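Peer 1: Chain by chain, the residues:
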Amino acid sequence: MKAENKRSVIVGIFVFLGIAILVTGILTLGGQQKKFVKAIELRAVFDDIGGLQTGNNIWFSGVKIGTVKQINFYGDSQVEIIMNVEEEVVDFIRKDSKATLSSDGLIGNKIIVIYGGTTNAPPVENGDRLQAVMPLDTDQMMETLQTNNENLVDITADLKVLTGKLADGEGIVGAVMTDSILAENFRKILNNLTVASENSNRMLAELNEFTAKINQEGNLFNELATDTMMVAQFKETLGTLQATAENSQEMTEELKGITEKFNSSENAMGVLLNDPEFAEDLKSFMINTDSATYNLNKGLEALPYTWPFRKGFKRKAKEEEKDNN
Amino acid sequence: MAEEKDDKKPFLSKKIDKFFTGLASAYRFVLRFFKEVFVPPYELKEVVQQCYRIGVESLPLISLTGFIVGIVFTNQSRPSLEEFGAASWLPSLISIAVVRAMGPLVTALIAAGKVGSSIGAEIGSMKVTEQIDAMEVSATNPFKFLVVSRVLATTFMIPLLVMYTDFVALIGSFLSVNSKELVSMSTFFVQVFESISFLDIFSSVIKSILFGFTIGMVGCYKGYNSSKGTEGVGRAANSAVVISMFLIFIEELLALQIVNAIRTW
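Protein chains in written order, with the numbering used here: chain A, 1 to 325; chain V, 1001 to 1265.
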């Protein structure tokens, strides 16, 4: 009887533990799959749900917030998804949020991702319909990839032709690669270019130095560039110079008029300068004048010895002698 | 004289007649169980006694088997998943495999070998030694005492053993995963429960109830209908195991179809 009782207790413990494992499993599963949390219903209408099933997860900002409750056909050929979303996160999902299809890995299960939404819009409410955004379809991706493949084939074909020509020495690049003289010339050009670039570097360095000097204070250029007073003075000087130039121009014009008059034989100066006949006359006049002055000199030399001037000259000589003593 | 000849003449053929006769007998046996199970007196003490033998005494063997299954299945699955760079999916794969199929199946097969054969041999030996007849004479309902108690015990105990097996197999799998992938226990069990659903757990429980009922019923039927002395006892034990296992696989197949139909419904 005692053994029987003991066995009954052991069986009871065994049953209790077995049921405990079952209940723990169910509760854990329910807790993890949010089966026992309060939820609201959100809806979205897609053209194609790509194999989404009831029970698939709903993600928001990378966090699972619910599951797909129901999938119904809608309209002509669209599909309406009814989602169970935890009530706790409702405040974070706005009415202008969007729903799209995705997967929880490269080959993972289909999921619905809720994203976007602005704080201007109020939080979602039970039965709200979110805007559905169709994801990039795999077929579309494959189509793009196929186009890329075709382009790649064309590119490789062109490349093949190009490399063939290069190998045959066709074109400038081919010639450079195959012709040794051309290659040598090309190398020289490159060397020259190197030298030129070195020179230009040096020049730039000097230019830098020069501009640095210009930028130094007290420098004329620097003051020109920075001193506003000097600029005003410079402007004034330029104005004066302008006036001087204008005066010079006026003067040269007047000089031009004078020289024109000089060139003309209608005035005394022009006759003097241009008329050969007058020059001849003047020459003979000058000769006559010369001989006249010679004769006059002679006469004047004889004047102190001549009466009535003789007494006067003697008086003057005596006075000069007196002064000298 | 002619009528006697007609009686001995097989209806279709000797073997086919035997098969269908056996099927009809099994049907009557099952029907009798359902008639007897709800009618008092209830042999509760015997039920508890059988629960102890079937459940508690099988626990070490079942636990060890489940633990080894968890480790082996994890290690065998790892290379295939690693080829796809999906070794992190091991917990999900193991949980689905263990909860949906391997837990109930392994437990049922081990129980069929251990419990089914022992029930078949025990009742068979009681039959050939005429103890069952003696019980009838002493106003004890042998069917209720021997069959109903054992079938109820297997029906209750196998689902519990399946729970233990699932738990121990997942622990074994965790140790294997943890040793190679350095996954923490919480992460492992989060992934385990992420992959399974309530349907998986309920189908597993329902299946194991069915497996337990099958093991008990087949063992009892084979023992209750054994004959030809000690040879008959051995045959009853053997056929109890073979038929139980066969039926378990058939039930597993049917259950899979039904669960999949519910899943896609």
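These aren't lab readings, by the way, just hints derived from the structure by calculation. Keep in mind it's a predicted model, so treat the numbers as computed, not measured. Think of the CB as a built atom: it goes at the ideal place given N, C-alpha and C, for glycine as much as any other residue. Hints may contain errors.
To be verified - Across the chosen pairs, the derived CB separations fall in these ranges:
| no. | chain 1 | residue 1 | chain 2 | residue 2 | range |
| --- | --- | --- | --- | --- | --- |
| 1 | V | E1231 | A | K6 | 23 to 29 angstroms |
| 2 | A | I19 | V | A1139 | 46 to 52 angstroms |
| 3 | A | L27 | V | T1140 | 53 to 59 angstroms |
| 4 | V | V1030 | A | L27 | 44 to 50 angstroms |
| 5 | A | Q53 | V | T1140 | 53 to 59 angstroms |
| 6 | A | Q53 | V | A1139 | 58 to 64 angstroms |
| 7 | V | P1060 | A | T138 | 49 to 55 angstroms |
| 8 | V | A1139 | A | F16 | 33 to 39 angstroms |
| 9 | A | L27 | V | V1039 | 36 to 42 angstroms |
| 10 | A | Q53 | V | E1231 | 25 to 31 angstroms |
| 11 | V | S1080 | A | L27 | 29 to 35 angstroms |
| 12 | A | L27 | V | D1017 | 35 to 41 angstroms |
| 13 | A | I19 | V | V1039 | 23 to 29 angstroms |
Peer 1: Does 33 to 39 angstroms hold as the CB distance between A1139 (chain V) and F16 (chain A), or does it fail?
Peer 2: 36 angstroms, holds
Peer 1: Can the suggested window of 23 to 29 angstroms be confirmed for the beta-carbon pair E1231 (chain V) and K6 (chain A)?
Peer 2: 37 angstroms, violated
Peer 1: Are I19 (chain A) and A1139 (chain V) spaced within 46 to 52 angstroms by their CB atoms?
Peer 2: 36 angstroms, violated
Peer 1: I want to verify a distance hint. Is the separation of the beta carbons of V1030 (chain V) and L27 (chain A) within 44 to 50 angstroms?
Peer 2: 35 angstroms, violated
Peer 1: Holds or violated: the 25 to 31 angstroms window for the beta-carbon distance between Q53 (chain A) and E1231 (chain V)?
Peer 2: Taking Cβ atoms as reference, Q53 (chain A) and E1231 (chain V) lie about 56 angstroms apart, which means the hint is violated.
Peer 1: Okay, L27 (chain A) versus T1140 (chain V) on CB: inside 53 to 59 angstroms?
Peer 2: Violated - the Cβ-Cβ distance for L27 (chain A) and T1140 (chain V), about 44 angstroms, lies outside 53 to 59 angstroms.
Peer 1: Taking the Cβ atom of S1080 (chain V) and the Cβ atom of L27 (chain A), is their distance within the range 29 to 35 angstroms?
Peer 2: Since S1080 (chain V) and L27 (chain A) have Cβ atoms about 32 angstroms apart, the given range 29 to 35 angstroms holds.
Peer 1: For the hint 53 to 59 angstroms, verify it against the beta carbon of Q53 (chain A) and that of T1140 (chain V).
Peer 2: Hint holds: Cβ distance 56 angstroms, inside 53 to 59 angstroms.
Peer 1: Is the distance from the Cβ of I19 (chain A) to the Cβ of V1039 (chain V) consistent with 23 to 29 angstroms?
Peer 2: Given range 23 to 29 angstroms: holds, Cβ gap about 27 angstroms.
Peer 1: How does the Cβ-Cβ distance of L27 (chain A) and V1039 (chain V) compare with 36 to 42 angstroms: does it lie in that range?
Peer 2: At roughly 37 angstroms between Cβ atoms, V1039 (chain V) and L27 (chain A) fall inside 36 to 42 angstroms, so the hint holds.
Peer 1: Between L27 (chain A) and D1017 (chain V), is the Cβ distance one that fits in 35 to 41 angstroms?
Peer 2: 54 angstroms, violated
Peer 1: Quick check: does the Cβ-Cβ distance between Q53 (chain A) and A1139 (chain V) fall within 58 to 64 angstroms?
Peer 2: Distance hint for Q53 (chain A), A1139 (chain V) holds at roughly 60 angstroms.
Checked against the numbered hints above, the structure violates hints 1, 2, 3, 4, 10, 12; every other hint is satisfied.
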